[in-house]
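Q: Sequence:
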Amino acid sequence: MISDRPTKLVPPVLAKMAAWSVCLIVVGVVVYIFALIVARLSFVALPVAVALLLTALLYPLSSRLTGAGLRPIYAAWITLLVALAIIVGAGWLIGARASDEFPTVVEQVQKSINELRDWLVTGPIHLDTKQLDDWVKTITNQLQTSQAAITNTVLTAGQVAIEVLASIVLMLFVTFFMLKDGDRIWAWFLKGFGGMSGRVDRAGRAAWLTVSHYVQGTVAVAAVHGLVMGIVLAGLGVPLWAPLAILIFLASFIPIVGIFFAGTVATLVVLGTTSPIKALIFLAVLIVEQQLENHVLQPLIVGRALNFHPLAIIIVLAVGGIMGGIAGAAVAVPVAAVIYRALPELRHEPPALPPPAPPTPPEGPVKSESGQPKG
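Numbering-wise (UniProt numbering), the sequence shown opens with residue 1 and increments by one.
Mixed in with the good hints, there may be bad ones.
[Stated by the list, open to error] Simulated restraints on C-beta separations:
id, residue 1, residue 2, range
1, Pro60, Ala234, 44 to 52 angstroms
2, Lys16, Ala284, 48 to 56 angstroms
3, Leu24, Ile78, 25 to 33 angstroms
4, Val48, Phe193, 42 to 50 angstroms
5, Gly325, Leu172, 40 to 48 angstroms
6, Leu24, Leu172, 38 to 46 angstroms
7, Arg184, Leu209, 48 to 56 angstroms
8, Val48, Leu209, 14 to 22 angstroms
9, Phe34, Val169, 40 to 48 angstroms
Read the hints as simulated data drawn from the structure, not as lab findings.
Ideal Cβ positions, reconstructed from N, Cα and C, are used throughout, including at glycine.
Based on the sequences and whatever the hints tell you, model everything.
A: Right, dumping it as structure tokens:
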């Protein structure tokens with residue numbers, strides 16, 4: 001028999017801390033191994049994650065079509081075709097505008113650089129002319145060769161293009177079957193948990209509700225943001241206003257960091273292609289619109305689906321960016337929100353069933369064993 005004297009020598013607080021430490025180490029190891037598996041299978045994990053977010057966005061349309069009497073397979077097909085039409089149209093708009101306006105952007109940037117050079121030479125700073133000429137030539141050459149460099153990169157990246165195409169095909173397949181057979185897939189998934197299926201079902205439904213609110217609300221807010229800034233850019237006469245509006249729309253999916261990056265790029269383009277006054281006007285409109293988005297649109301549209309403190313969002317974005325780059329930062333916040341909402345449902349006991357009702361006495365006279373009524 002082992003004596004428990006060493007255990008008594010350890011203070012209870014230290015024993016609890018040691019137990020919690022062991023549990024945290026085990027959880028950390030499991031999370032680390034899971035992250036390694038996901039990183040190893042990123043070719044599959046990333047399209048599936050994007051497909052889940054896309055399904056959460058498109059499910060209301062598919063559900064309405066199904067409720068209108070269409071079969072699930074037809075509703076899923078129509079929903080996917082509508083989404084593809086929107087994506088292809090936006091891609092064509094970006095490509096056409098960028099191809100037509102890129103030479104104009106190069107000329108305007110060269111003009112702005114020359115004006116800035118003259119001011120630096122003749123202004124109060126009085127910099128060296130030769131050094132400025134070297135900088136101007138370097139920047140001009142980079143602008144002129146960037147379009148060819150992009151084209152050569154696309155042409156030589158055949159393997160990457162095939163992988164991207166395969167990922168898109170996988171994402172579309174997963175999205176289609178999730179729209180068509182989502183309920184059946186979830187019911188089949190729950191069968192593997194036995195007695196825990198009730199808790200897993202509640203946690204899954206809470207997670208799905210959180211993802212749906214987050215994706216739909218974020219898309220609505222990003223659409224408003226991109227539309228307003230696109231109108232402002234077009235009104236200021238900025239070339240490439242359509243690609244910049246799309247960039248702002250996509251960057252809005254990454255909280256805090258995304259709009260900072262897109263706003264910086266758009267402001268530099270406005271500064272290089274128009275004038276400093278217009279760049280200041282655009283920056284002021286961007287800041288005001290961003291504040292309205294944070295304090296009005298986000299609470300009204302997204303609501304309390306996340307309810308995260310900004311510090312928590314920054315930490316989650318940093319961890320997601322380190323582990324998965326831009327894609328990891330994009331999915332970090334919804335993943336954290338899903339975990340935050342699903343864990344309480346896994347811990348809580350299911351509600352107790354009401355006690356059975358007492359048996360009601362039979363109506364009519366009670367008969368004896370011989371079949372004659374008593375009394």
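Q: The structure should be examined with respect to each hint, and the outcome stated for every one.
A: Verification of the hints:
no.: 1; hint: Pro60 with Ala234: 44 to 52 angstroms; in the structure: 30 angstroms, violated
no.: 2; hint: Lys16 with Ala284: 48 to 56 angstroms; in the structure: 55 angstroms, holds
no.: 3; hint: Leu24 with Ile78: 25 to 33 angstroms; in the structure: 48 angstroms, violated
no.: 4; hint: Val48 with Phe193: 42 to 50 angstroms; in the structure: 20 angstroms, violated
no.: 5; hint: Gly325 with Leu172: 40 to 48 angstroms; in the structure: 23 angstroms, violated
no.: 6; hint: Leu24 with Leu172: 38 to 46 angstroms; in the structure: 40 angstroms, holds
no.: 7; hint: Arg184 with Leu209: 48 to 56 angstroms; in the structure: 19 angstroms, violated
no.: 8; hint: Val48 with Leu209: 14 to 22 angstroms; in the structure: 20 angstroms, holds
no.: 9; hint: Phe34 with Val169: 40 to 48 angstroms; in the structure: 26 angstroms, violated
Of the numbered hints given earlier, the model fails hints 1, 3, 4, 5, 7, 9; all others are met.
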